[in-house]
Every structure is written in structure tokens, then in C-alpha cells.
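Chemist: The chain contents come next:
Number of protein chains: 2
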Amino acid sequence: MQLLKERIQKDGKVKEGNVLKVDSFLNHQMDVKLFVELGKEFKERFKDCNINKILTIEASGIGVACIVAQYFEVPVVFAKKNQTKNIAGDTYTSKVESFTHGKVYDIIVSKQFLGPEDKVLIIDDFLANGAALLGLTKLIKDSGASLVGAGIVIEKGFQEGGKIVRESGVRVESLAIVESMDPKTGEIVFRD
Amino acid sequence: MQLLKERIQKDGKVKEGNVLKVDSFLNHQMDVKLFVELGKEFKERFKDCNINKILTIEASGIGVACIVAQYFEVPVVFAKKNQTKNIAGDTYTSKVESFTHGKVYDIIVSKQFLGPEDKVLIIDDFLANGAALLGLTKLIKDSGASLVGAGIVIEKGFQEGGKIVRESGVRVESLAIVESMDPKTGEIVFRD
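From first to last, the protein sequence lines stand for chains A and B. Count the first sequence with the working numbering and you get residues 1 to 192, in order. Count the second sequence with the working numbering and you get residues 1 to 192, in order.
Think of the hints as simulated: they come from the structure by calculation, not from any bench. The reader is advised that the hints may include incorrect statements.
Each pair may be met inside one copy or between any two copies, as identical chains are not told apart.
Stated by the list, open to error - Within a straight-line C-alpha distance of at most 25 Å, the following computed DSS-like cross-link-like pairs (lysine-lysine) qualify:
#  : residue 1 : residue 2
1  : Lys43     : Lys33
2  : Lys141    : Lys43
3  : Lys103    : Lys81
4  : Lys21     : Lys111
5  : Lys33     : Lys119
6  : Lys33     : Lys111
7  : Lys47     : Lys33
8  : Lys15     : Lys111
9  : Lys33     : Lys138
10 : Lys81     : Lys95
11 : Lys111    : Lys13
12 : Lys163    : Lys111
13 : Lys10     : Lys111
14 : Lys21     : Lys81
15 : Lys141    : Lys47
16 : Lys47     : Lys163
17 : Lys103    : Lys5
18 : Lys21     : Lys33
19 : Lys33     : Lys5
20 : Lys5      : Lys43
Pulled out of the complex, with its shape left as it was, chain A reads as follows (with noise of 0.2 Å):
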């Protein structure tokens, strides 16, 4: 999507250790403006696939999900990160490893909000090991729903996570892939 890669250029900021810093209008500050536009991109690529939920996970998947989510008229599911008392009863649950803070944490989602009657698409900003996704598409198998697809903002393309997410049989579509990015001169390359 040229709009997004041209934004990344423009804003993102490549760091030491595969960080691209793009926080000034994805996940710390949120263009609300730029958010629309990712949301028609994602119904135009999944508008044939009669989604009724859409699952993303906290936090800063959030903001987009909610837009996206105007788009394909349907609700959206958070995968909390901690479990907190506000959530009783049965759950679904699968770990995470978390690239940006280290550690390991479970996901959670309340078994009231996926079943097997529900057609799911994810939606997420990014994609780097597949860590995040691979939990979300663990839920959405155990609740018995359908997972059409994912949609991801920015896919960090020399990490393996989309590889071993696309092999898994899961279509995903993401609207920038960063094929390689230098921390010394700051270029950012995009995967045609």
C-alpha cells in the first residue's frame, strides 16, 4: 500500500536490533486519518469473505482493529495480556513471546466472545517473529472458529514470522513488508 510505505519512510524510525520506531502514527501516537485508509484496504482485500468478528490483541492492535472494524460492520475481540478479575470464568489461553518486551505472557479470551459460529479476521500492526499471531490463531482453532485471514499493517519480511505463518495455511495480508532496513543509514527497503 503506497500511502503506508510512503509513511514509513517518511516517519518510521529504523533503530539497533531490528526496531523500526514508527510511534508517531501507529502504535504510541495513532493517525486516526491514516487508520481509515488501512481500513478500506482491508475490507477491499477481504471483502468477500462474510467476517463477523474480528480479533486483535492489546495493545496498540487495538486502535486499528476498531477502524478497520467500521469498514466490515462488526464487532472486535481484544486478547487481554493478563489475566484480571474482570474476567471470570472459562477462557481460552495460549502463550506468547514477546520480541519488544522479552518475556513470555499468555493471551486470554473469554469463551463467551468466539465460538464455532464465528468467522474471524485478525488484525494486527505488526508482524515480526509470528509470535502474536501464532497465539491468536491457537484461540481462534480452540474456540472452533473459522480464521479467514490476517491482516497486518507492517510486516517485518527478514524476520521469519510470516513465513512460518503463510506455511501454516493462514492467508495473510499485509499492507507494508519491510524486506531490510539499516540502523546506520536509516533506508528502509519494501518487498514489492
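Got chain A; can you put chain B on it based on the hints?
Modeler: Same frame as chain A, but now just chain B:
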């Protein structure tokens, strides 16, 4: 806001310990069509305030804040609850004691995204003891930004947060204020 009150009556569940579960439409599964109506209402209430930024806090404030932001045509910044290596550099920090989780944590906003040039509207899903809201107002004060007010979806009027924050001089607009609720009967009474 009548539509919201009806939804809380219909789908909210009162639990022991002053817990109002609205996770079927507000803070786990999110009814984006409802959020659109909340967005229009907040826009009506704060239409003359010339805000240029919405501030919220992860995780459950983000969805509402992003939908609301479309009506103001401004970006959203969300305060993060944990330091991550992706927030490098200077941050504004405030301590918050969580009612839900029963622990104290830091909330953080990068100094890049909040400053004296900003006129800020806070949006959050809940106001109970006021800890999160007071934390956010401190971040805004520390940044030199102007706080226009706070738009809250559900206020627990029987807890002290709303009173404390209003007495501190902050304009608080809550779309539904719960005056009392009874875990035995499930009854929910709203303030007029």
C-alpha cells in the same frame, strides 16, 4: 446518553466488589457501531473546544478513543502501562493504582507526543476511583499542554473519582453515571 444506558441495562452484569461487567460490548468485545454513537455524542459535547489531540490509556480506552477521534479529526495518543524498549528517550511518567488489578504501575507518554502546543481531550471507558484519570491529568500538566476535559463512557457515581476530578477543576462528561448497583438483584440505577 439513553442508548448507552439501555445497553448497560441489557448487557451489563453486576458482580460483587463493585464490578460492572460490560465486556460484551465495551472492554473485551467492542461494539464498534455503539462506539460510533459515543463518538458523535462526545463531539457534540466538546465541539467548541478546538482540541488537537485525544489522550487515552491502554488497553480498553484505545478503541473508543480512536472512534471518537474520527469526529474531531485529531490523532490519539495512548499512555502505556509498561516501559518498553520501543519507547526510547524522555517520557512523562505518572503512578496509577489499578482498581481492577490491585497494584500500582507507571503510565508513560513520550515527550514527543505531548507538549505546550496541545489542547487535549482525555477519553476513557471507565471512571471509578479516578486513579487513571488523575494520572493522565498529571501527564498533561507536566507536558505543559492544555486539558480541555475528560469524556468518560461509564462513571461509577458511587465511587469518589468523579467528585475528586471535578473538584480539581477538570470538566468531566460521562455518558452514563451509575448511581447504584446491586449484585444480588442485578439492578443498575443511573444518575439523572
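Chemist: Tell me, please, which holds for Lys5 and Lys43 at an alpha-carbon limit of 25 Å: within, between, both or neither?
Modeler: Intra 18 Å, inter 31 Å, cutoff 25 Å: intra-copy only.
Chemist: Under a CA distance limit of 25 Å, which applies to Lys141 and Lys43: within one copy, between copies, both, or neither?
Modeler: within (23 Å within a copy, 40 Å between copies)
Chemist: Could you figure out if Lys111 and Lys13 sit no more than 25 Å apart (CA to CA) within one copy, between two copies, both or neither?
Modeler: between (39 Å within a copy, 16 Å between copies)
Chemist: At most 25 Å between CA atoms: does that hold for Lys103 and Lys5 within a copy, between copies, both, or neither?
Modeler: neither (30 Å within a copy, 40 Å between copies)
Chemist: At most 25 Å between C-alpha atoms: does Lys21 with Lys111 qualify within a copy, between copies, both, or neither?
Modeler: Result: close only across copies, 15 Å inter versus 34 Å intra.
Chemist: At most 25 Å between CA atoms: does that hold for Lys21 and Lys81 within a copy, between copies, both, or neither?
Modeler: Classified as both: same-chain Cα gap 22 Å, cross-chain 18 Å, threshold 25 Å.
Chemist: Classify it for me, Lys33 with Lys138: is the Cα-Cα distance of at most 25 Å met within a copy, between copies, both or neither?
Modeler: Cα proximity of Lys33 and Lys138: none, with 32 Å in one copy and 28 Å across.
Chemist: Check Lys33 against Lys119 for me: Cα-Cα at most 25 Å, and say if that holds within a copy, between copies, both or neither.
Modeler: Intra 27 Å, inter 18 Å, cutoff 25 Å: inter-copy only.
Chemist: Should Lys47 paired with Lys33 be assigned to within, between, both, or neither, using CA atoms and 25 Å as the limit?
Modeler: Cα proximity of Lys47 and Lys33: in one copy and across copies (21 Å, 19 Å).
Chemist: At 25 Å max between alpha carbons, let me know whether Lys163 reaches Lys111 within a copy, between copies, both or neither.
Modeler: neither (29 Å within a copy, 36 Å between copies)
Chemist: State whether the alpha carbon distance between Lys10 and Lys111 is at most 25 Å within one copy, between copies, both, or neither.
Modeler: So Lys10 and Lys111 pass the 25 Å test across copies only (20 Å; inside, 42 Å).
Chemist: Cα distance capped at 25 Å. Does Lys21 pair with Lys33 within a copy, between copies, both, or neither?
Modeler: Intra 19 Å, inter 31 Å, cutoff 25 Å: intra-copy only.
Hint compliance for this structure: hints 9, 12, 17 are broken, all remaining hints hold.
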